[in-house]
Amino acid sequence: MTELLVGTKKGLFLLEGDTGSGFEIKTRAFPGEPVDFATRDPRTGRAFATVTSPFYGPKIFYTDDPEGAGEWQQAGGVALPEGGEQALERIWVIAPGEGEGTVYAGGDPGVLFESHDGGASWAINEGLWEQPSRKDWQPGGGGLCLHSISTWPGDPDKLAVAVSAAGMWLTDDGGRSWRRGNEGLNPRYLPDDASDEVRNARCVHHVERSPSRPERLFMQFHGGVYRSDDAGGSWTAIGEGLPSDFGFPLTVDPADPDSAYVIPLVADMDRVMPEGRVRVYETRDGGSSWNPRGDGLPAENAYLTVLRQAFNHTGAGDGLQLYFGATSGELFGSGDAGATWTTVAPRLPPVYSVVAI
Amino acid sequence: MAVLRVHGPLRKPLGDRAEHELSGENVVELLRGLEREYPEITGWILDERGVIRRHINVFVNGERGDEETPVRAGDRIELLPAITGG
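Which chain is which? The protein sequence lines are A and B, in order. To convert, note that position 179 of the first sequence is 179 in this note's numbering; the numbers rise steadily by one, no gaps. To convert, note that position 83 of the second sequence is 1083 in this note's numbering; the numbers rise steadily by one, no gaps.
Simulated from the structure, these hints should not be mistaken for lab results. Being a predicted model, the structure only gives us computed values, none of them experimental. Heads up, a few of these hints could be off.
When the alpha-carbon atoms are kept at most 30 Å apart in a straight line, the in silico DSSO-like pairs for lysine-lysine are as follows [as the list claims (entries may be wrong)]:
#1 B:K1012 x A:K135
#2 A:K10 x B:K1012
#3 A:K26 x A:K9
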């Protein structure tokens, strides 16, 4: 039985089932509210939802019983320092950490929060917040969003985060100090002769680490797909062979460090599936080659968009399952690593995030 | 004391009460007092800058107000989610 936590423009949907017999919507929470991201901490089973009310601002809620009658609790401390010139705009992602009780959250404006009590209370990561270069950070189209948090299996001190459009940031000391990890990324949307400060505006769209080889990461960039083999310090372009190297989401097979999956869109000025065909592209050789995986997905007149948090996996290897949702409300799944696909739910609200457990 | 009246989801973090007696020189002082009394409401009405969230309207004795609008004893303050959209 697979559980899907689906954040949408109109609430959180929790589905259960499998790709063979189908899925059922078990619960809908936060009706009418935009749920930007939802996940569970596998260590505790605690569920999290990030909700950005247009009236009351961004919040993190948690519950240990999302299917039951238990109420969602508001987490404390999810705010920027009082009295500053900025306000928290949105929480984009939540990721369980490696330390006991540690959970991370990333948001706009380029902010990392950490919790050490399982997600009930949070504090801003001062090291990243106080980065001297922050004054030069530029937002992407979705804001100055910290959207990707890659922990290092077994080492709570190592962390990689990505900010659109302030690039990759790496720490080896648990977040006390940070350094950039942008070598090799080519911002084609900037002039070649732009200053270093301007060219640091690296618009990273999504990053995932390969858990079976943690020094390897894959990145969907704003024009480009990349691989790093040195823990995010430098990057090699691997987008050759894709119909477009523009897109947002990305996921990996945890059992295979040479694997990655992307969902290309035409271009930044035309964010729909190429040729009106829904296809996931898979590499099993570290990005040297890509193969379309679309059996069972809409093959014509399908101009869908999939957002950066709306593609996820559960399982690994032969048991790898893949799920993604579109802004037009369709939710698709594969129980055989992308070889075949079924429609999991045809008419949800616009899908913002998908997490499979 | 002035009387603050809230609607909808704001009532829950305020002890499920619609009306609250508060004092303050102006609207933002009154709302800061509300946050001290009910810490769970922090961030719902005022953001980190002390600015009333964009889609919340404040009325003082029936007139549109803002953070700096003076408040006196006996005044009626209403917080209403804005009617947004088309």
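Taking the numbered hints from earlier one at a time, note which ones the structure violates and give those numbers from smallest to largest. Hint check: 1 fails alone, others pass.
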